[in-house]
Amino acid sequence: GAVVSQHPSRVICKSGTSVKIECRSLDFQATTMFWYRQFPKQSLMLMATSNEGSKATYEQGVEKDKFLINHASLTLSTLTVTSAHPEDSSFYICSARDQRGGRGYEQYFGPGTRLTVT
Amino acid sequence: AQSVTQLDSQVPVFEEAPVELRCNYSSSVSVYLFWYVQYPNQGLQLLLKYLSGSTLVESINGFEAEFNKSQTSFHLRKPSVHISDTAEYFCAVSDHGTSYGKLTFGQGTILTVHP
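Chains A and B, in that order, give the protein sequences.
With the numbering used here as the guide, the letters of the first sequence map in order to residues 1 to 118.
With the numbering used here as the guide, the letters of the second sequence map in order to residues 1001 to 1115.
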């Protein structure tokens, strides 16, 4: 199968601090990963597309200086929420695109990271 | 640009009853279609997908969905639900173009199966 992990699963931080979330594809290489956020009782909103070895592509309205994305290897992408504020509290989910065997349009999702900013 | 509309935010149903979760999409290009399921505090799991070929696709746990191009729909059905099917279900589309397979999600439908 295609397994994606995220770490940490939950994090509580104080306002003004930065938090890093890791997303790993465990049994496949992913040149493309995606970062989503999900507010309670709402759908997933794409924040950015992370491409290995290049700059991330951010969706309209997402602050690239606040949500730093680094996709340094084919199995790891990180999202850093800088100077976090309570309104950044959310459920962050990553996904990785499995391009093996013609499955290029399938995304496999991590279990999510619950961020709470106090 | 694409959009996805899930017409029902919540669907309550009794165990062993049939269920249909509705999904309509809008796109100017050909699309791939997906249904994902999300259990509480977990990420999304792929339930089934339509990429090409037969318009009726099935999952291993009894769900099926039919791609209807003329009605731009991809409704999810199960003839007999179980308590364990209680979850939130998301319909999503991805275009055939060069957007690296970006997914656009519907608002989600919470399926609650009562005993």
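Calculated directly from the structure, the hints in this document are not laboratory data.
No experiment lies behind these values; they were computed from the predicted model shown.
Incorrect hints may have been included.
Quick partial rundown of chain A residues pointing at chain B, CB under 8 Å, derived from the structure [as the list claims (entries may be wrong)]:
#, residue
1, Leu44
2, Thr49
3, Phe67
4, Leu68
5, Leu74
6, Gly112
Computed cross-link-like contacts, BS3-like style, restricted to lysine-lysine with a CA-CA straight-line distance of at most 25 Å [to be verified]:
#, chain 1, residue 1, chain 2, residue 2
7, B, Lys1049, A, Lys20
8, B, Lys1049, A, Lys66
9, B, Lys1049, B, Lys1069
10, A, Lys41, B, Lys1069
11, A, Lys20, A, Lys64
12, A, Lys55, B, Lys1049
Some chain B residues close to chain A (C-beta under 8 Å, calculated; not the full set) [stated by the list, open to error]:
#, residue
13, His1082
14, Thr1086
15, Ala1087
16, Phe1090
17, Phe1105
Even glycine gets a Cβ: it sits at the ideal position worked out from N, Cα and C.
Against the structure, the hints come out as follows:
1. Leu44: 5 Å, holds
2. Thr49: 6 Å, holds
3. Phe67: 17 Å, violated
4. Leu68: 20 Å, violated
5. Leu74: 15 Å, violated
6. Gly112: 5 Å, holds
7. B:Lys1049 to A:Lys20: 32 Å, violated
8. B:Lys1049 to A:Lys66: Distance of about 34 Å is beyond 25 Å: violated.
9. B:Lys1049 to B:Lys1069: 15 Å, holds
10. A:Lys41 to B:Lys1069: 29 Å, violated
11. A:Lys20 to A:Lys64: 14 Å, holds
12. A:Lys55 to B:Lys1049: The hint is violated at about 30 Å.
13. His1082: For B:His1082, the interface hint is violated, since the closest Cβ of chain A sits about 23 Å away, which is over 8 Å.
14. Thr1086: 15 Å, violated
15. Ala1087: The hint is violated - B:Ala1087 has no Cβ within 8 Å of chain A, the shortest such distance being about 14 Å.
16. Phe1090: 6 Å, holds
17. Phe1105: Holds, because the Cβ-Cβ distance from B:Phe1105 to chain A comes to roughly 5 Å (cut-off 8 Å).
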